[in-house]
Amino acid sequence: MKRHFITAILVAFSVLTLPTFVMALEVSEATQTCLECHETVTPGIVANWQKSVHAKTTVVEALKKPAISRTISTDKVPTGLGKVVIGCAECHITNAKAHKDTFEHNGYQVHIVVSPGDCAICHPQEVEQYSKNLMSMAYKNLKGNPVYQDLMNSINAIQDFHRGKVTYAKKVDDSTEADSCLFCHGTRIEVKGMQTLETDLGDMEFPILKGWPNQGVGRINPDGTHGSCSSCHPRHSFSIAVARKPYTCAECHKGPDVPAYKVYTVSKHGNIYSSYATKWNFLATPWVVGRDFSAPTCATCHISLIANKDGEVIVKRTHQMNDRSKWRIFGLIYAHAHPKSSDVTIIKNKAGLPLPTELTGEPVSAALINEKEQQKREAEMQKVCLSCHSMGWVKGHFERFDNTIKTTNQMTLTATKILVAAWEKNVAKGLAQKDSIFNEAIEKMWVEQWLFYANSTRFAAAMAGADYGVFANGRWYMSKNIQQMADWLDFKLATKKKK
Amino acid sequence: MKRHFITAILVAFSVLTLPTFVMALEVSEATQTCLECHETVTPGIVANWQKSVHAKTTVVEALKKPAISRTISTDKVPTGLGKVVIGCAECHITNAKAHKDTFEHNGYQVHIVVSPGDCAICHPQEVEQYSKNLMSMAYKNLKGNPVYQDLMNSINAIQDFHRGKVTYAKKVDDSTEADSCLFCHGTRIEVKGMQTLETDLGDMEFPILKGWPNQGVGRINPDGTHGSCSSCHPRHSFSIAVARKPYTCAECHKGPDVPAYKVYTVSKHGNIYSSYATKWNFLATPWVVGRDFSAPTCATCHISLIANKDGEVIVKRTHQMNDRSKWRIFGLIYAHAHPKSSDVTIIKNKAGLPLPTELTGEPVSAALINEKEQQKREAEMQKVCLSCHSMGWVKGHFERFDNTIKTTNQMTLTATKILVAAWEKNVAKGLAQKDSIFNEAIEKMWVEQWLFYANSTRFAAAMAGADYGVFANGRWYMSKNIQQMADWLDFKLATKKKK
Amino acid sequence: MKRHFITAILVAFSVLTLPTFVMALEVSEATQTCLECHETVTPGIVANWQKSVHAKTTVVEALKKPAISRTISTDKVPTGLGKVVIGCAECHITNAKAHKDTFEHNGYQVHIVVSPGDCAICHPQEVEQYSKNLMSMAYKNLKGNPVYQDLMNSINAIQDFHRGKVTYAKKVDDSTEADSCLFCHGTRIEVKGMQTLETDLGDMEFPILKGWPNQGVGRINPDGTHGSCSSCHPRHSFSIAVARKPYTCAECHKGPDVPAYKVYTVSKHGNIYSSYATKWNFLATPWVVGRDFSAPTCATCHISLIANKDGEVIVKRTHQMNDRSKWRIFGLIYAHAHPKSSDVTIIKNKAGLPLPTELTGEPVSAALINEKEQQKREAEMQKVCLSCHSMGWVKGHFERFDNTIKTTNQMTLTATKILVAAWEKNVAKGLAQKDSIFNEAIEKMWVEQWLFYANSTRFAAAMAGADYGVFANGRWYMSKNIQQMADWLDFKLATKKKK
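Chains as they are written, first to last, in UniProt numbering: chain W, 1 to 499; chain F, 1 to 499; chain L, 1 to 499.
Mixed in with the good hints there might be a few duds.
Treat identical chains as interchangeable: a pair holds within one or across any two.
As the list claims (entries may be wrong) - Once the Cα atoms are required to be at most 20 Å apart in a straight line, the calculated EDC-like pairs of lysine to aspartate or glutamate come out as:
1. 171 to 402
2. 480 to 150
3. 140 to 190
4. 51 to 310
5. 100 to 205
No wet-lab data here; the hints were simulated from the structure.
No experiment lies behind these values; they were computed from the predicted model shown.
Next comes chain W alone, as it looks inside the complex (with noise of 0.2 Å):
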């Protein structure tokens, strides 16, 4: 109804005063000459594009605006970025030396992969920040990590049986790793040459790049930056709305290794998202609690800004995403304190393994942060807690989610001394036959007991979302894991005495 009266205002005085709501925003020449041929060639996203708020500022008039509202980081205008708004030149042809993908298309110097060394011009701090996230790394720490790399091998590897026994291939290609841990951890895209392809302008020269497409979070450009923004900040509108909301997170987030989403739709705060998110405003900058959202998403715990209504800042603004975060609570065989370089390759336990904890579950402390860093991080997520529960709430909240990290540890523990057991017993092979320990049925029921319903045990804590902490794999599955297990160790020792 008061939405309705302002309105009823505003149509009152415009009747009278016939205002121009439309400033004149200047288009750069160069991206001129895109648009002119890709509004008729690729139609959705020169239009997408326009409805964005590149297309409607310019550096200019966003350093006109409070520093607290601002999303641009920079604070003075770019070489040639002042008056104009940020089109398709602006992206596409900066730094085009810097870019291996470059080439010459209509006359300019184009590249095809946007990086964020280009997108750095205008937002600094973020891709600063960003590297320091795991998820920058995302493709270093799996593909240079020869215990990842294994694990990789184990899922993408062809296999064939042949004899009464399976084997598996030694080689995965490029395009089944594309299409799968690296889609989401980023691809290394690299220059091939040069193709010609038909268009709807006749045929045209194009670059030939190996790993394209891909949009992962530790993708390798072509000019050697790590990471992709439009993982989160879809092209052509880079929306800040679509990153706030819990969608994008789900896109890597979702699956049985890092169920965040899943919980989150079972959670209160998801609930209260999914009954009232069409109401709110996820444009805003600061983001106000209450005023312009009544449940936090991902964005708003890990890391948007997030202000008062008299615009008091709760917390900053971060794209270092573990900012926030105490635990590195999945991808790990178990729950640790969150390493302290986003580099993760750099680790070695004590038995030489390329992990930050031993295989019996012992942290290598020196890689990771320490305990006063850990209350340091937790107590920055709870500055968001505590915009609308009690510190009684939070305290008891936190407790919880502890204790499910060593209840959660423990289970694991005992998942891997069974495996341990059936490697002593020669019914398995692992480590001491310098064999692969994720490539036979044990090995992967063990990996589940971690990756699948340890972690989703305890992101149901982290996030309150009950039953993947019970039956939708949670405690459940622990519980029943171990018994299968075991009984699967008796039936090989069973059957191997009578060979």
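Add chains F and L to chain W, keeping to what the hints say.
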């Protein structure tokens, strides 16, 4: 277009008459005191409340509405509540002596946990009806039933592996239970003394609450009442709209044990909801079929007062949610007629177990509603269906559902026979050996037969959500699980002989 | 802001001119008769209809639109349908003699089941195209194919356990089939006499319909036609908007066998849809990329007429949904080129089985489209992609998809080899023993290899929904399943020897 036209008319009038749309509403002095700090300290929940019906009406105003439109069920004005809106103090400082968590807070006797006892001041009928739900007893029905307590322990207890044997810890810590089963079922909240907590306004004293936070449906509150109205009407908007949307039920009814929400999303009803719901009116009371919504949500069928556009009641509102349910289709080994009492710990079967059926499926009829009551409840449910479907359609649907109750029970019985054979042949330990019936692999397979697969198939039949009755945890898995249980038994028997 | 400004202008004008927005439309006398009772008896569906296009237009009006904007495909006015809106009677009393479910109802010859034959009066091209879909034959392709009939029975038949052996019931009741596979595939609806039913208006006579209710895609209707338009255009709004949203397809394409919707939700396209769809126009015809929507739904790629903002057609509307599909990626043991005929029961492989490939994967090429037709269909699909993506992007995507077709088929072949070994070594019974190939545990594991895991991986590749190609029923499970099948074979062989 119509909407814009109405806006136009409203605007035209408002320009001419400048009416005052905002009605002056009194906030109590006590609530005003709360708000002075909490607007800054917990801005999110204050903002939620400000948008709520509670903040915009008084009991006196509410009682002026026709009975069919009211959402309060008291017919007289409770002492002191006539002319003020329902604010912080109206809920948090009422009945101070009944609440063990009452503490002195800035001059007021405040309690933290608002309970159904508090809500009953204005909503007595809803609280009374809710107490007849199994849900209101969800804590006791689990923790007070030795069989179910055993199931809980088999899921939550830490297991260890030592010398080839897996053992379960004898005790489960409270924190794990609260994070697991009791998250939905409800915890018992107990006051364990006082603590000093650091707040934005300096150190303050608060009660130490064990089992907090929790919003489970059968929560035992510090005033002795059962349940939590905020399970479905989340704080601090307490909206009927949220409770009417399916996301609320999904918080606890989405997992493999109770896939109600998942089934809904793939049903025709769920499709229509997802496609149109942003245009429906979830606040209207009575809720008029065709005008306010065009397909049912969970609440439509199970709880809400539904009327036609002439204001005739199709079905009455009920917070006893089994009022329209003939069968109890989940949570127990076999589907059966609904229990008479919400406290099901009083049931004993012939074998002496606190279960509503024998292990072989025969119902403990004395404890369950009879066929006449079943017919009555089915007829009540069908009144909702008949708003959009012909009697032939509805009859066909319910006949299929009854058949599926029967066949899923048969498939559970077959799984039970295999389990019993395993017990009898000493390859697993069951009742005769005074062992848990849930702790071994074969027992866990048996549990999945009914708790996951038979349940899922029944939900699919009840709500017309096809795939959950076939490949998505439905008949496919019932069928496969029996084959795998039989293989497990074969392997155990074959390897046992050799020992 | 712009929108408010437009509102303002509209309002200013409307205040001055008081225009009449509502056009007078004639409702037929027969429909008027229906409405008199049904507005009270089934208010929900009457209200849905009143909001539909059917209630607001006539064929004469519809034919005045330019061809590109029409949603009817007849080019002449059908007898008697020119000037009345399409109401109850226009569908339910048409072609009375063709419908075996026609009955006398308050003076009219009404039939219950409205069929594609009825819809074809105004939408002949849609019905004609739809008949070329595998979907239109979904009943016969299942029930008329002995291999698939056997799979159905292995899922639906009640199993029993007696003296250590599991047996399958020989017959499956119709009700179970209707509640299971045929829910989506469609039932055969047959008139089994008349019955008296109690209605709000007293006892009335209605036909007894076997197989009712059902809205499956290949339903056999009482007039002999195949399919149900309301599968995708739900009664009684029959909206193009609903069919264009992904929830419609999700009704049958969400389970582990066909995870299309799940994959969509984690794709970039699904993210953009979820973030923005409430602002898109799902009613516009033609559907203009960039203007009406900014990311595709299922319909966009597979069915809809897509145009650019200049009104140029990018792809034509097709209700033959394989028109843009090169491969058949689900439902069969191996992915293969699309079948030529929608009736696939006519196919026989070399082994004499009614399957489009051998058990070892070689396609029955004569029954499948050739490479030229495959290229044509791929090119048609790519026209949609190219609205937003460059040719290099699209080429890279489709190359990966083709590679995934190949690798998933290889992983299925490996599983088949293990199964064949089990048959050959007499630890399972297969074709040679004239036994079902679906009823034993190892056979069910084999089915999951292709029906769940290979399918899921292919959908993930086709629609860029990462995790469904890895941990969410993707490559992880293909890999693990092979190890578990090999272990099962080992256990069986080891324990068999001892017998």
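- Task: Check each numbered hint against the structure and report the violated ones by number, ascending.
- Result: As far as the earlier hints go, not one is violated by this structure.
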